[in-house]
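Could you build the full structure based on these sequences and the hints that come with them?
Here the protein sequences come in this chain order: L and R.
Going by the working numbering, the letters in the first sequence line up with residues 129 to 237, in that order.
Going by the working numbering, the letters in the second sequence line up with residues 600 to 712, in that order.
It is possible that part of the hints are untrue.
Label-pair restraints from in silico Cβ distances [unchecked claim]:
hint, chain 1, residue 1, chain 2, residue 2, range
1, L, Ala206, R, Asn669, 45 to 53 Å
2, R, Pro638, L, Leu198, 25 to 33 Å
3, L, Gly181, R, Val611, 41 to 49 Å
Derived by calculation from the structure, the hints in this document are not laboratory data.
Built from N, CA and C at the ideal position, the CB exists for glycine as well.
Single-letter residue listing:
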Amino acid sequence: EDKVVQSPLSLVVHEGDTVTLNCSYEVTNFRSLLWYKQEKKAPTFLFMLTSSGIEKKSGRLSSILDKKELSSILNITATQTGDSAIYLCAVEQGGKLIFGQGTELSVKP
Amino acid sequence: NAGVTQTPKFQVLKTGQSMTLQCAQDMNHNSMYWYRQDPGMGLRLIYYSASEGTTDKGEVPNGYNVSRLNKREFSLRLESAAPSQTSVYFCASSSGPIPNIQYFGAGTRLSVL
Chain L
129 EDKVVQSPLS LVVHEGDTVT LNCSYEVTNF RSLLWYKQEK KAPTFLFMLT SSGIEKKSGR
189 LSSILDKKEL SSILNITATQ TGDSAIYLCA VEQGGKLIFG QGTELSVKP
Chain R
600 NAGVTQTPKF QVLKTGQSMT LQCAQDMNHN SMYWYRQDPG MGLRLIYYSA SEGTTDKGEV
660 PNGYNVSRLN KREFSLRLES AAPSQTSVYF CASSSGPIPN IQYFGAGTRL SVL
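Listed below in structure tokens is the structure:
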């Protein structure tokens, strides 16, 4: 059965800390892995990682895909209160996305 | 730039009532999706439509039906609501399936009493 597992499920840090969120997957015919940020409402797209693009960076956020370990990490450096959100990992399989449970990040001032 | 629009934003139903959740996208996307989100369970796919005129079941289709009305619109119907269908429902669309970057609506919070 295809599945995506994220860890930790929740995390509390202070502003300025660096955090690492984990995503592991067991999916047949892997094509891509996506990260989303969900604040109060709709998930918003952050990154897509594929076999030809295993590392992405945008400002303080970066993500790496490890195809050998079937996993990905999302790093956030110098965290801010605005980074507080649920971070969702999803893997594309057969034209659909399979989502993990999400990691709830809380950044305290 | 509306993107994906869902209506209504909130709804309270009694057990056994029916309702339709509406979704429309203005990005000329081919594929559309309906998810439900429950605490600690991420997003679970209910139904999807890879292209206009086609629909397929996702992970949790029981108790739901869908209609791809045209390329822009994809509706989700609950024929006889049950308390287990209390959830937040999200519609999404993508130009996909490759790449399958999905863009989400703001969600509908549904309570079934």
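* 25 to 33 Å as the expected CB spacing between leucine 198/L and proline 638/R, which holds or is violated -> holds (26 Å)
* Asked: Taking the beta carbons of alanine 206/L and asparagine 669/R, is their distance inside 45 to 53 Å?
  -> holds (46 Å)
* Is 41 to 49 Å right for how far apart the beta carbons of glycine 181/L and valine 611/R are? -> Distance hint for glycine 181/L, valine 611/R holds at roughly 44 Å.
When each numbered hint is compared with the structure, no violation occurs for any of them.
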